[in-house]
Amino acid sequence: MINKLNCPVCNSLEVVIFFQKKDVPVHQNYIFKTEESAKNINKGNLELYICKKCGFIFNIAFDINKLKYSEFYDNTQDISNIFSEYVDKEIDFLINDLKVKDKRIVEVGCGKGSFLKKIVLKSNSVGVGFDPSYVGDTYILNNKVKFEKCFYDENCADVPADIVICRHVIEHVPNPVDMLRNIRMALASSPNAMVFFETPSVKWILENNVMYDFFYEHCSYFDVTSITRAFNIAGFTIKKIACEFNGQYMWIIGEISKGNEDISEINYKDIKALERLAYSYNETVSKNIEKWKEKIIDLSKNGKVAIWGAGAKGVTFVNLIDPENLYIDCVIDINIHKQQGYLPGTGHKIVSYNEINNRKIKNIILMNSNYIDEINNVLNMEKIKVSLIYGEDLL
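Residue 1 is where the sequence shown starts when you use my numbering, and the numbers rise one by one after that.
Hints are computed from structural coordinates only; laboratory data are not their basis.
Wrong hints could be hidden among the right ones.
Pairs of lysine-lysine, DSS-like flavour, derived with a Cα cap of 25 angstroms [claimed, not checked]:
1. Lys144 - Lys101
2. Lys313 - Lys349
3. Lys360 - Lys301
4. Lys33 - Lys304
5. Lys362 - Lys385
6. Lys313 - Lys33
7. Lys239 - Lys272
8. Lys99 - Lys122
Since the structure is predicted, the reported quantities are computational estimates derived from the model, not experimental observations.
Please model the entire structure based on the sequences and the hints provided.
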């Protein structure tokens with residue numbers, strides 16, 4: 001647990017709390033076999049602070065010892081065609097814009113290795129994936145890809161790299177600068193290597209008052225200013241930051257710093273603007289949670305209500321809006337490995353879209369508007385008639 005009120009990025013004492021939520025599930029992508037076990041999941045608190053000096057947002061109450069990963073943890077996203085197309089776009093960017101072709105690729109936090117395998121095949125490169133939780137063969141694709149069940153740090157300096165890729169990992173790390181410094185030390189023998197990171201944009205969350213994008217597993221949240229500051233402190237220079245997936249994610253491209261001239265100036269105007277967004281977020285979201293509760297109760301009087309999406313957003317949403325599992329009938333997800341399981345915290349059942357008619361669902365709330373066309377196509381193909389609701393449409 002973080003014990004002192006210093007900013008984990010810049011070490012400033014000028015940090016202020018803006019959002020609190022008690023007893024939230026510590027896991028969002030852990031699928032349970034029974035409703036009872038789902039309701040008995042370990043809980044933790046959200047106490048979100050923002051740093052006035054660099055804009056970094058972090059959960060002071062985060063305790064990594066509360067987390068427990070196993071075979072029941074499933075955060076697979078590329079089952080969706082929309083997300084798979086997004087990943088293909090990302091790989092095309094790496095190959096065409098960053099010239100990742102015939103290169104030596106290192107992926108930090110590679111998970112099951114699906115991204116690394118795909119980019120190695122498409123770019124005719126070789127790759128090494130690092131992840132302590134990796135399960136599978138050490139060598140695949142005729143030894144073009146190797147997996148190491150360990151962290152990537154100074155002990156890995158003998159692994160040559162032209163680019164280090166790290167996608168959706170840094171938001172899970174309570175001390176992100178330490179992580180970046182470890183990567184910097186691992187690149188001691190590869191001084192010309194690029195780094196490519198992907199992480200959610202906290203500015204997008206705050207600007208859009210997204211109530212279900214702050215959750216326990218994510219303890220570190222960045223905007224352009226704070227991620228730049230973190231990279232600079234760790235010895236990297238940012239070359240480009242792009243907002244992708246309709247603004248939800250940031251792509252960060254950097255390189256090893258050559259000297260102090262590479263340190264970027266802090267934009268305090270942007271930090272102040274982010275701070276104002278954080279304060280208004282707390283007030284707006286608190287009101288919106290109550291509105292959602294009232295509207296869903298009203299909707300449930302005229303027919304059953306479901307949500308679409310058993311990922312982190314869906315889990316957070318039902319725990320905020322229907323914690324006692326009284327008004328939302330079920331959660332729909334296309335991942336067959338999640339179906340017939342139960343959501344952490346509330347015990348809502350996860351089902352296939354094939355059960356919509358049998359369960360007499362009248363209204364479905366979508367957790368991410370990026371998937372609305374894909375969901376509509378599925379419903380039209382199956383000739384399922386139901387009302388789809390997203391975000392502010394309900395308020």
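Tested hints:
| no. | hint | verdict |
| --- | --- | --- |
| 1 | Lys144 - Lys101 | holds (13 angstroms) |
| 2 | Lys313 - Lys349 | holds (15 angstroms) |
| 3 | Lys360 - Lys301 | holds (13 angstroms) |
| 4 | Lys33 - Lys304 | holds (23 angstroms) |
| 5 | Lys362 - Lys385 | holds (8 angstroms) |
| 6 | Lys313 - Lys33 | holds (20 angstroms) |
| 7 | Lys239 - Lys272 | holds (24 angstroms) |
| 8 | Lys99 - Lys122 | holds (12 angstroms) |
In summary, the structure agrees with every hint in the numbered list given earlier.
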